Amino acid sequence: MATIELSGIRKVYPGNVTAIHDLDLSVDDGELVVLVGPSGCGKSTLLRMVAGLETTTAGTVSIGGAVVNRLEPSDRDIAMVFQNYALYPHMTVRGNLEYGLKNRGTPRTLIDERVAEAARILEIAPFLERKPRQLSGGQRQRVAMGRAIVRQPKAFLFDEPLSNLDAKLRGQMRVEIRRLQRTLRTTSLYVTHDQLEAMTLADRLVVMNAGRIEQLGKPTELYERPASLFVAGFIGSPPMNFFDLEYLREKAGASLPTLSDDSDIIGIRPDSIVLADPQEPSIPLRGTVELIEPVGGESHLHLRLEGSDQLIIVETPGRPDAAEGTLLTAHLRARALHPFNRQSGLRTA
Amino acid sequence: MVENRPFLAFLTHLVLILGVAVVVFPVYLAFIASTHGSGDFLRGLVPLLPGPHMIENYARMLNSGLSTAGAPPVWLMLANSLFMALTIAIGKIAISIISAYAIVYFKFPFRLLAFWLIFITLMLPVEVRIIPTFKVVADLGMLNSYAGLTIPLIASATATFLFRQFFLTVPDELMEAARVDGAGPLKFFRDILLPLSQTNIAALFVILFIYGWVQYLWPLLVTTDSRYYTIVMGIKRLAAAAESDPYWNLVMAAVILAMLPPVLVIIFMQRLFVKGLVETEK
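Chains as they are written, first to last, in the numbering used here: chain C, 462 to 810; chain H, 42 to 323.
Hints are computed from structural coordinates only; laboratory data are not their basis.
Note that the structure is a prediction, hence the values are computed from the model and not measured.
Watch out, some of these pointers could steer you wrong.
[What the hints assert, rightly or not] Now the in silico label distances, taken between C-beta atoms and shown as ranges:
| id | chain 1 | residue 1 | chain 2 | residue 2 | range |
| --- | --- | --- | --- | --- | --- |
| 1 | H | L57 | C | E590 | 38 to 48 Å |
| 2 | C | R646 | H | T162 | 52 to 62 Å |
| 3 | C | R565 | H | R152 | 43 to 53 Å |
[Claimed, not checked] Chain H is nowhere near these chain C residues, computed Cβ spacing over 12 Å in every case:
| id | residue |
| --- | --- |
| 4 | D489 |
| 5 | A512 |
| 6 | R531 |
| 7 | R555 |
| 8 | G561 |
| 9 | E578 |
| 10 | R591 |
| 11 | L645 |
| 12 | T661 |
| 13 | V735 |
| 14 | D738 |
| 15 | Q740 |
| 16 | P745 |
| 17 | G757 |
| 18 | L772 |
| 19 | L788 |
Here a beta-carbon is modelled for each residue, glycine too, at the ideal position from N, C-alpha and C.
So here's chain C without its partners, still in its complex pose:
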C-alpha cells in the first residue's frame, strides 16, 4: 500500500517535442485515479514514466514516499496491465503468473499459495495449465490482472486494459476491476481514452490534454462543473452542446440568467434540454428533427436549429412522439447552462 507522488514531471522527446509539461499529481493510498484524454495527450507516457519504462526529463516520481526516478521497473514494486495483455505466449497461465515471483526468488510454497489465491479471485483456476493462445480475450485479460495481483505490489498501473475487448465484455471487466480494486485496496493509476470507463471506475478523474492536466476531481464534479471547454466537450456522452452567447441572448430574452462579462460561449448537456415546457426558467429553441437514435430507455434527438443551422443533441426519456423532419421546440433549462470564455477556454462562473 502506498501513495504515488508526481511533482514537476516533464517529458521531452528527442527533437524537442514536449509530451508532458511540468505536471503534479498525487494518488492517495488505496485510491483509483483514472487518467483520461484523447490520444496523444500524454496519459500513457505519464503512466509509463511511473512504471519506469520511460525516463523522466525533469521532476520526481515517488512511490510510497521514496523517489524512484532512477530505479528499474522491477525495483519500483509496481505491476502493470497492458492493453494487449503482453502474456508470455510460450508459458502456461501458471508460468505467466509465476514468472515475476520466481525472478524475485520467492519461495516455492509462497508462489503456489499466491497463484492459487489469484486464480481463485479471478476464477481462472481451470485454465492454469493452458497457453494464452487457448484463452479468449476476457480470460487473457484476467490472466494479465492475475499476473499483477500475485505480486502484491505497492501499485497497479493499467494501460488501457479493456480496449481490446468487445463492448459487452468491457462492461463486465470494468465492474470486475472496480470490485477487485475495492477489495485489495491497492493504489491504482488507470489510463483510458473511454470516458464512460473513466467515469465509472474513478475515485478521482484526471482529464489530460496536450500534456497538461485540464481538470482533476471526482467524476461527478467533472460532469457537473467542467472547468474548461475541453473537459465539457470530452466528458459526457452524447457530448455537450455549445452555443454562441449572442445567439442565446437573442432567443432567450429575460430567461437568460446573469453571466459574468467574459462569458461568450455557453454549453448545455443533452439531458438538460427538454421537449415539454419545464415550468421553470428556460430558453426555447425551435428546430427540425434530423435524426432520432433510440438507445433503449432513452432517445437522442439530433435537432437542426432554426436560423442558425446548428445541430444539437437532445437526450429525452422513452421515445419521442415527433417523427424525423418535424419542427419542434426544445427548452434549455436556464440553471443548467455552463458559461465559458472562448479565448481562454476556461469556465467563467
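Given chain C, work out where chain H should sit, using these hints.
For chain H alone, kept in the frame of chain C given last:
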C-alpha cells in the same frame, strides 16, 4: 479451385508426376548404379533394376574407400562433413541471434551503422572474398584444420537479418512486462526470446545445415590432407580418378551416402521447418 473437371485433375497430376520423375530418376539411377558390379555401367546399356552388389559396394566405400583415387573412407568424409555442417549451422545461429538481439533491443551509438555493415556483407559471399579469406586463414595457420573449414563460414548476415525481422515482430510490451516482472536482459533473452524463436531457429538450422553440407569450393581450398576431406569434395575426387575409368558403382554409393544426412535432417525437422516459415507467433 472448387471446380471438379476430370481433365484438369488428370493434367495437374500429370504435370506433378512428370516433375517428380525428372527429379527422382537421376537419384534412382544413382542408387541402381551403386548396387551393381564395377563393369556393369560401362557396357553402354544402363540397368534399371537393382543388382546384387549393394552391400559389398557400400561396405567397401564406408570402410576403406577408394584408395586409388586418394580418398579416405567415406565414413571419415561423412564425419568431417557432419562436423562442418553442424558447426557452421550452430555457430551461425548462435552468433546471429545474439547480434540481432543487440541490434534490436539495445540502444548504442552507431547501432544502425552496425546493422548495415552486417547487412552489406550479404553482398560478399565466400566465393567473392575467397582469395583474401584464404590468405587470412593460411596466415593464421588454419589450413588443414576443422577451424579453417568452419570459422570463415560462420559469420552470417542472412541469419542476423532474419532474427532481426523476427524480433521486430515481438511486441515491445512483452519486453516491458518482463522488465516489470524483474527479468534483466539476459533473463529476457533466455526465458522469453529464445523459446519464442524456437521455430525460426529450427527453420534456419535446416537451411544452414544444408548450406554447410554442400560446401565445395572452400573445403577444396583449405584442405590438402585427406583426413579433412569432406564428402562433397570427396565425390569429385572419386570420380576423377586418374588413368582409369571411374568406378561408377562405388562413386554412386558414396553419392547416395552423401545425400542421406541432409534428407534425414529435413525429414526429422520438416514439421518445425514449415512452422518456422509459415507461422507468425501472436
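So, going through the hints one by one against the coordinates:
1. With their beta carbons about 43 Å apart, L57 (chain H) and E590 (chain C) fall inside the hinted range of 38 to 48 Å.
2. Checked against the hint of 52 to 62 Å, the C-beta distance between R646 (chain C) and T162 (chain H) comes to roughly 58 Å, which is consistent with it.
3. Checking the proposed 43 to 53 Å range against R565 (chain C) and R152 (chain H) shows it is violated: the Cβ atoms sit about 31 Å from each other.
4. Remark: the non-interface label on D489 (chain C) is consistent with the geometry, its nearest Cβ contact in chain H lying 23 Å away (cut-off 12 Å).
5. At the 12 Å boundary, the C-beta of A512 (chain C) falls inside the reach of chain H, the nearest C-beta of that chain being 7 Å off.
6. With a cut of 12 Å on Cβ distances, R531 (chain C) stays outside the contact zone with chain H, its closest approach being about 15 Å.
7. Annotated as non-interface, R555 (chain C) keeps its C-beta farther than 12 Å from every C-beta of chain H; the closest such distance is 14 Å.
8. Distance check on G561 (chain C): its Cβ comes as close as 4 Å (rounded) to a Cβ of chain H, failing to clear the 12 Å threshold; non-interface status is violated.
9. Every C-beta of chain H lies more than 12 Å from that of E578 (chain C), the closest at about 18 Å, which supports listing it as non-interface.
10. With a minimum CB-CB distance of about 15 Å to chain H, R591 (chain C) clears the 12 Å threshold, and the non-interface call stands.
11. For L645 (chain C), the requirement that its beta carbon stay farther than 12 Å from each beta carbon of chain H is met, with the minimum near 18 Å.
12. Against the 12 Å criterion, T661 (chain C) stays outside the reach of chain H, whose nearest CB is about 25 Å from its own CB.
13. The Cβ of V735 (chain C) sits about 47 Å from the closest Cβ of chain H, beyond the 12 Å cut-off, so the non-interface label holds.
14. The claim that D738 (chain C) is not at the interface with chain H holds, since no C-beta of that chain comes within 12 Å of its own (minimum 55 Å).
15. With a cut of 12 Å on Cβ distances, Q740 (chain C) stays outside the contact zone with chain H, its closest approach being about 56 Å.
16. P745 (chain C), annotated as away from the interface, keeps every beta carbon of chain H farther than 12 Å; the closest lies near 54 Å.
17. The Cβ of G757 (chain C) sits about 36 Å from the closest Cβ of chain H, beyond the 12 Å cut-off, so the non-interface label holds.
18. No beta-carbon of chain H comes within 12 Å of the beta-carbon of L772 (chain C); the shortest separation is about 40 Å.
19. No Cβ of chain H comes within 12 Å of the Cβ of L788 (chain C); the nearest lies about 54 Å off, and the non-interface call holds.
Checked against the numbered hints listed earlier, the structure breaks hints 3, 5, 8; every other hint is satisfied.
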